[in-house]
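Colleague: Chain by chain, the residues:
2 protein chains.
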Amino acid sequence: MARTVLKFGGTSVADLERISHVADIVAHRASKGEKLAVIVSAMSGETNKLVGLAKGAAGDALVGDEFDDEYDVVVASGEQVTSGLLALSLRKRGLDARSWLGWQMRMKTREGHGAARIDGFDEDSGLGAAIDTGQIAVIAGFQGVTEEGRVSTLGRGGSDTTAVAVAAALGSVPCDIYTDVDGVYTTDPRIVPQARRLERVSYEEMLEMASLGAKVLQTRSVELAMNHQVPLRVLSSFSGPEADNPGTWICNEDEIVEKQVVNGVTYSRDEAKVTLYGMEDKPGTSANLFALLAREGVNVDMIVQANARGEDRANMVFTCTSSDSEKAQRVLEANSDAVSFDKMDVARDVAKVSVVGVGMKSHTGVAETMFDALASKNINIDVISTSEIKISVLIDADYTELAVRALHTAFDLDAT
Amino acid sequence: MARTVLKFGGTSVADLERISHVADIVAHRASKGEKLAVIVSAMSGETNKLVGLAKGAAGDALVGDEFDDEYDVVVASGEQVTSGLLALSLRKRGLDARSWLGWQMRMKTREGHGAARIDGFDEDSGLGAAIDTGQIAVIAGFQGVTEEGRVSTLGRGGSDTTAVAVAAALGSVPCDIYTDVDGVYTTDPRIVPQARRLERVSYEEMLEMASLGAKVLQTRSVELAMNHQVPLRVLSSFSGPEADNPGTWICNEDEIVEKQVVNGVTYSRDEAKVTLYGMEDKPGTSANLFALLAREGVNVDMIVQANARGEDRANMVFTCTSSDSEKAQRVLEANSDAVSFDKMDVARDVAKVSVVGVGMKSHTGVAETMFDALASKNINIDVISTSEIKISVLIDADYTELAVRALHTAFDLDAT
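If you're matching them up, the sequences are chains Z and P in order.
Just so it is clear: in the first sequence, position 232 is 393 by the working numbering, and no numbers are missing.
Just so it is clear: in the second sequence, position 322 is 483 by the working numbering, and no numbers are missing.
No lab work stands behind these hints, which were simulated from the structure alone.
All values derive from a computational prediction rather than experimental measurement.
Check each hint, because a few of them may be wrong.
Claimed, not checked - Derived pair list, reagent style SDA-like, types lysine to any residue, alpha-carbon separation capped at 25 Å:
no., chain 1, residue 1, chain 2, residue 2
1, Z, Lys253, P, Gly275
2, Z, Lys253, Z, Phe399
3, Z, Lys269, P, Glu308
4, P, Lys216, Z, Lys488
5, Z, Lys210, P, Asp185
6, P, Lys269, Z, Thr307
7, Z, Lys210, P, Asp176
8, P, Lys522, P, Asp573
9, P, Lys253, Z, Gly316
10, P, Lys376, P, Val212
11, P, Lys443, P, Asp506
12, Z, Lys253, P, Glu272
13, P, Lys269, P, Asp176
14, Z, Lys488, Z, Leu453
15, Z, Lys210, P, Glu207
16, P, Lys210, Z, Glu309
17, P, Lys269, Z, Glu309
18, Z, Lys210, P, Val212
19, P, Lys253, Z, Gly310
20, P, Lys216, Z, Ser205
21, P, Lys216, Z, Ala175
22, P, Lys488, P, Asp573
23, P, Lys216, P, Arg254
As the list claims (entries may be wrong) - Anything over 12 Å on all C-beta distances counts as not near chain P; from chain Z, calculated:
no., residue
24, Thr243
25, Gln265
26, Arg271
27, Gly289
28, Gly318
29, Val377
30, Gly401
31, Asp442
32, Glu562
Where is the CB? At the ideal position from N, CA and C, for every residue including glycine.
Please build the complete structure, drawing on both the sequences and the hints.
Modeller: Below, the structure written as structure tokens:
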């Protein structure tokens, strides 16, 4: 029988009762003959508690690489506890199980601490051989070990990445991400009650949706799954162990038979629009501006430049996250000699709404449908940006829900 | 400058404030040029919390070796957190420090899990070399690694043992055990306000005092210190970092100039007296009895056999801890065919009071002084047992404090 990877996030292992429920799910999967590697996060709340302790001990000094190694030692303990507890809970059910910590499976990472990147684990550690004998491997997610033999962590959401990396190393086997929702939806069901669970979505769409604000999966884990051709599935850990629980498969585009033009509508309120009036309009000005922002770690999203005809001054608009916008403002004010402009304006009452779908590659008229739908609700579009499979617009934040509902209907996504 | 080992227990690192205070103490010691290895326990309360979680996950099944490996994975995380936090707190003060986990220093253990025994750590791990460069090693106590590369723990109080093992491996260097009392006292100051801190006490005396109920140090750590000639000191972590804080040295008898006949009075209330009336009086009866109890893990302390002249029946009295007495009762009732007696009586309202001192080896009259002092207060002695450096008596538990005070005065231990 085939190897399979399961992953359970923080809310799925929040307390002993939930861990016991997870053990029931794992036991049921094992009873079907699957050879299982199970990745667990820290019990929800634990990571925040540990981060708080580390920050308290280090004081304001906890910035940058100098302290990150010890931060990792403290924070990685959360997943260690859950892996031991789930192993105990499985043994209580008479199953053969053992925990694996990052250093035991030699889950090698690089690029230091705090937000390390996975290089994959060492097959010599015996993990693959162990699960093939029928022993369930309960793996502490989010953690690895550096070349120097120190504990490293992968940054927030890192357990998804652990799961995909393990699935890749075990032979690109299927990876089921159990979470507190039962799949990927066409949009946020809290805003659109008619939102539908998608049966399948392509890696590319999922990547766009993840980076545009759908919080089901970590972007990095989707990238890794796409690169290693790991079939990913998102499903609920809150159903009964034997419940019909199809979830959403994330797979290659060509495995999706009925392609929708648009598969999802996403939104993000953590946006800010920075307008620089009267910038000098000569070659190199934009390059200077964005080089400066990049150096300070400001992640710029949309960019629009509007030149008034015949003038040597231009207006520049860009968007970034709300927290980055404060940094941008500080940096630009401090460097007015390098980048000159007459006036800066920062708007934080904006939201980004996007439609995503691989069908856009071969269909025209998506932009028209989108703009019509927004216009019909009198929603003004501020900035537009597009990629091959998505169109994003920046609008007044007050209209977020209205826009999402209008687009969900306009693209025939409402459940019948 | 010499290598030194410091150890801080759970109450000394109970929260961030206390950890910060410990960092001040360590910083002060480092400023004097000492090359430091610092062993830490889990923050007080954490180990109990983790044990509770492990028991909750395993249910009643958490008995015996079969589950202990995962129990260790869960419980060892407590010391991991503290080691990271103290390392951060030291770096905040500008000091070079790093944490060392059991597997990183290759603290090898044997005899399985839950209460493993230390074999010492691997010098190749680089720990000794690191502290000689001036880097402070912050070591997670209580934990090690088995030959199979699994996490092991040493059982309660194991951090003392870690500290002594590290001191032994670093060249039998001095080991300061920081705790919540400022040294070893002639008796419990809560019972006798005139109790005095001892400047020096011999390993042998400390061993007797530890096993007789003085909870300052773990018996195993004292044994290890004696075997490896590690100079031990007990002192308070609650004094100021630069306070005059002499503590109590635990050392060889010949290093103690002014030997007292009796150095300490100890007591224990966790005692039970089991009387078996009318046992068959023939060779092999006692051997059968105590073999049976040993097999069931009952730790027998005092033993008295009284034969009525000319009868073929004897009465047997033995003592053990109160919790062991329930097991003893169960075992003896179930095995009445192997060990026959007329009637069993178990008294749990008894206490053991002892006087300890290396001076007893060369002085006579200690027993007389002890029995006179008890008699003068009308305290009846039930059972007596002696070793080369201690005399213990079993008495009615109601008289515990009275007996301790009377003996403390009779042996001239009261502070003037």
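Colleague: Hint by hint, note whether the structure agrees.
Modeller: Now for the hints, and whether the structure bears them out:
Our distance criterion of 25 Å between C-alpha atoms is met by Z/Lys253 and P/Gly275, whose separation comes to about 18 Å. Distance restraint check for Z/Lys253 and Z/Phe399: the Cα-Cα separation of roughly 21 Å lies within the 25 Å cut-off, and the hinted pair is therefore satisfied. Distance restraint check for Z/Lys269 and P/Glu308: the Cα-Cα separation of roughly 22 Å lies within the 25 Å cut-off, and the hinted pair is therefore satisfied. For the hint linking P/Lys216 to Z/Lys488, the alpha-carbon distance of about 48 Å lies beyond 25 Å, and the restraint is violated.
Note on Z/Lys210 and P/Asp185: the hinted pairing holds, with a Cα-Cα distance of about 24 Å set against a maximum of 25 Å. Proximity of P/Lys269 to Z/Thr307 is assessed by CA-CA distance (about 22 Å); at most 25 Å being required, the pair is judged to hold. Restraint check for Z/Lys210 and P/Asp176: satisfied, since their Cα atoms lie roughly 13 Å apart, inside the 25 Å limit. Distance check on the hinted pair: P/Lys522 and P/Asp573 sit about 18 Å apart at the alpha-carbon level, within 25 Å; holds.
This hinted pair checks out: P/Lys253 and Z/Gly316 have alpha carbons roughly 22 Å apart, not beyond 25 Å. Restraint check for P/Lys376 and P/Val212: the C-alpha separation of about 21 Å stays at or below 25 Å, so the hint holds. Of the supplied pair hints, the one linking P/Lys443 and P/Asp506 holds, its CA atoms being roughly 21 Å apart against a limit of 25 Å. For the suggested pair Z/Lys253 and P/Glu272, the alpha carbons sit about 23 Å apart, so the restraint of at most 25 Å is met.
Between P/Lys269 and P/Asp176 the CA atoms are separated by roughly 29 Å; this puts the pair beyond 25 Å, and the hint is violated. At most 25 Å may separate the alpha-carbon atoms for a hinted pair to count; Z/Lys488 and Z/Leu453 meet this at roughly 11 Å. Annotation: proposed proximity of Z/Lys210 to P/Glu207 holds, straight-line Cα distance about 13 Å (limit 25 Å). For the hint pairing P/Lys210 with Z/Glu309, the CA-to-CA distance comes to about 32 Å; that exceeds 25 Å, so the pair is violated.
For a cut-off of 25 Å, the pair hint linking P/Lys269 to Z/Glu309 stands: about 20 Å separates their Cα positions. With a C-alpha separation of about 19 Å, the suggested pair Z/Lys210 and P/Val212 falls inside the 25 Å cut-off, and the hint holds. Our distance criterion of 25 Å between C-alpha atoms is met by P/Lys253 and Z/Gly310, whose separation comes to about 23 Å. Between P/Lys216 and Z/Ser205 the alpha-carbon distance is near 19 Å, which keeps this suggested pair within the 25 Å criterion.
For the given pair, P/Lys216 sits about 16 Å from Z/Ala175 by alpha-carbon distance, which is consistent with the 25 Å threshold. Taking the CA atoms of P/Lys488 and P/Asp573, the gap is near 40 Å; set against the 25 Å cutoff, the hint is violated. For the given pair, P/Lys216 sits about 39 Å from P/Arg254 by alpha-carbon distance, which is inconsistent with the 25 Å threshold. Look at Z/Thr243: its CB is around 9 Å from the nearest CB on chain P, not clear of 12 Å, so calling it non-interface is violated.
The Cβ of Z/Gln265 sits about 6 Å from the closest Cβ of chain P, inside the 12 Å cut-off, so the non-interface label is violated. Taking the minimum C-beta to C-beta distance to chain P, about 19 Å, the non-interface status of Z/Arg271 holds against the 12 Å cut. No Cβ of chain P approaches the Cβ of Z/Gly289 within 12 Å, the least distance being about 16 Å, so the stated non-interface status holds. Here Z/Gly318 stays apart from chain P, with its beta-carbon at least about 21 Å from theirs, past the 12 Å limit.
With a cut of 12 Å on Cβ distances, Z/Val377 stays outside the contact zone with chain P, its closest approach being about 28 Å. Every C-beta of chain P lies more than 12 Å from that of Z/Gly401, the closest at about 20 Å, which supports listing it as non-interface. Separation of Z/Asp442 from chain P is adequate, the least Cβ-Cβ distance of about 49 Å exceeding the 12 Å criterion. With a closest Cβ-Cβ approach of about 41 Å to chain P, Z/Glu562 is found to remain outside the 12 Å limit, as its non-interface label requires.
The structure does not agree with the numbered hints 4, 13, 16, 22, 23, 24 and 25 stated previously, though it agrees with the rest.
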